[in-house]
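Protein sequences, first through last, are from chains H and L.
Every position in the first sequence, counted from 1, becomes a number in the numbering used here once 17 is added.
Every position in the second sequence, counted from 1, becomes a number in the numbering used here once 706 is added.
Just so you know, the hints here were simulated from the structure itself, not pulled from any lab data.
Do not rely on the hints blindly, as some may be mistaken.
Label-pair restraints from in silico Cβ distances [what the hints assert, rightly or not]:
hint	chain 1	residue 1	chain 2	residue 2	range
1	H	D192	L	V981	52 to 58 Å
2	H	D66	L	E790	36 to 42 Å
3	L	E790	H	E58	44 to 50 Å
4	L	E790	H	A59	42 to 48 Å
What you are looking at is a predicted structure, and each value in this text was computed from that prediction instead of being measured.
Backbone N, C-alpha and C define an ideal beta-carbon position, used for all residues, glycine too.
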Amino acid sequence: MHLDSNPRSWRVLDWRFLLPDPRLGRVWVAPECQQEATTMEALGIELVDQLDESVDTALVESRAFDVRAMERALSPGHLVRIAITTDRVGLSAARLRPFASWRRVLEERGWETLSCAWAAPTSAWTRAFVDVENRRAVSHTLTLINDQRGRMARLKLRATQAIVLLGGQELICRDGIVLARTPS
Amino acid sequence: MNLVEDFLASADLSTAPASVRHFQPAGSIVLTPRFRHSRYVVTLLCDAAGRPRLVGKTSRVPHDPGTLGDEFEMLGAVAARAGEGFAPTPIALARHRGHWTLLQTAMSGRAMAHGGPSPAKVWTLVDAWLLRLARASATVEPANWFDQATADLIHALSGSVLARDGARFCLTEQLARPFQDICVPRPVEHGDLIASNVLLTHRRAVAVIDWELGRLRGIPGADATLFLASQQFFADGADAAPDKVASYRRHFLGSDGRGRMRLASHLEAQGVDPVWIDQILLATWVRYTLTAFARAMPGLSTAAEEALVVEAVPPGAWWGAALWLATLDHLAGTGVG
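Produce the entire structure from the sequences given, and follow the hints as far as they go.
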């Protein structure tokens, strides 16, 4: 049994179930994700201080992510988890379509994108990770989020679903996770 | 590809229902519950229309099977007795890449908690569903059934962890004890039949999800009690425990309460004399509370850790406990609650 077997503590790592294999190996955590590092330490996950070739998985945040530094430090094919958080103001492409922008930046540099998942706040008690590009899945998640009480709530749901089905899901799906591997 | 899609690719689906035997997911939704004691992450595998077809339930903690084995066995028994499509059909259970995963068919529809038909109509549908489940699964056991269902749990927990509530547990057992001498049908019980776990399909049939707390032999009327109470709380906008208790007293403890009358009719249809309704309410809520305690501390090993949990999560923190105490108060007339 691990140091901390409380399922609530493991929740911080639920994004790993977006991968075919959730084992993370040796993990480096960027300073801005330090809260996660504290929890992971209690869970007995092997953390390393230095970002170098010995790292299997690196956890970073989009606002402080330096692609070139990551490429220099990590071996080819290593996993990077980028937590996407966007400002609500501004009309730049990166702000309007954060996942598409990150995918383009990474793939232009030869990275393999494994997952672009919207972290949807489905209810006070549940959160969902949904493939941003899967319009049907995003639309279904919107049904889970919306409590549909009252006519206005139902109208709002229909309007939002229409935007999604027309391809505008990134206007709604703002925060989430990008999982990618460094260029081979 | 995520973990559950990877598991599906390696699973043997030869005995799965024909509708999913050759299913290839077109997308997934990974649900990560935030409840205090949620041990599983749920992955919905969707078809091209975005409709969930399969569900993968994965244990968060590596190598921890949790209660997935019990759920697999119970859903298998329900499918065998009530037929496919009545509840999720279990397909595979295995440890995959370090995590136990249960694969089952998905039930899809609109959550009853999200509006739709009137509460009376919804109850008619759920009542019929529960009676069908009872008819398909109930066994009559005159001996020791109450001990197995409730009293043993009281003894196991009240002696140590919940010692300071010992008097309440003794009184509960004493008041519910006459109930043990009667023969009652013991149906499969869902165990957490709150409104948000009940879906209405596009064919206006009931579909029930989240069988984690299910039991092969439950207390008759327990599922109906939980559903009717949660439905009433939703209708009354009762979110906090005191509001729930007020609503419960009005609708279940008063002789002309709507919930009480519906429960009485339901028990009668199951072949249980409604004269036992108070004992059923008491047994339902005390067991709901104790089950929550048992889930809260699966790994506790020392008295110090147990004491810590008692301090951190007193029984009154749960609305189930508040309803148990309200029922005890009503039955005993002692003001214990």
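Tested hints:
| no. | hint | result |
| --- | --- | --- |
| 1 | H/D192 / L/V981: 52 to 58 Å | holds, 55 Å |
| 2 | H/D66 / L/E790: 36 to 42 Å | violated, 54 Å |
| 3 | L/E790 / H/E58: 44 to 50 Å | holds, 46 Å |
| 4 | L/E790 / H/A59: 42 to 48 Å | holds, 43 Å |
Checked against the numbered hints given earlier, the structure breaks only hint 2 and satisfies all the rest.
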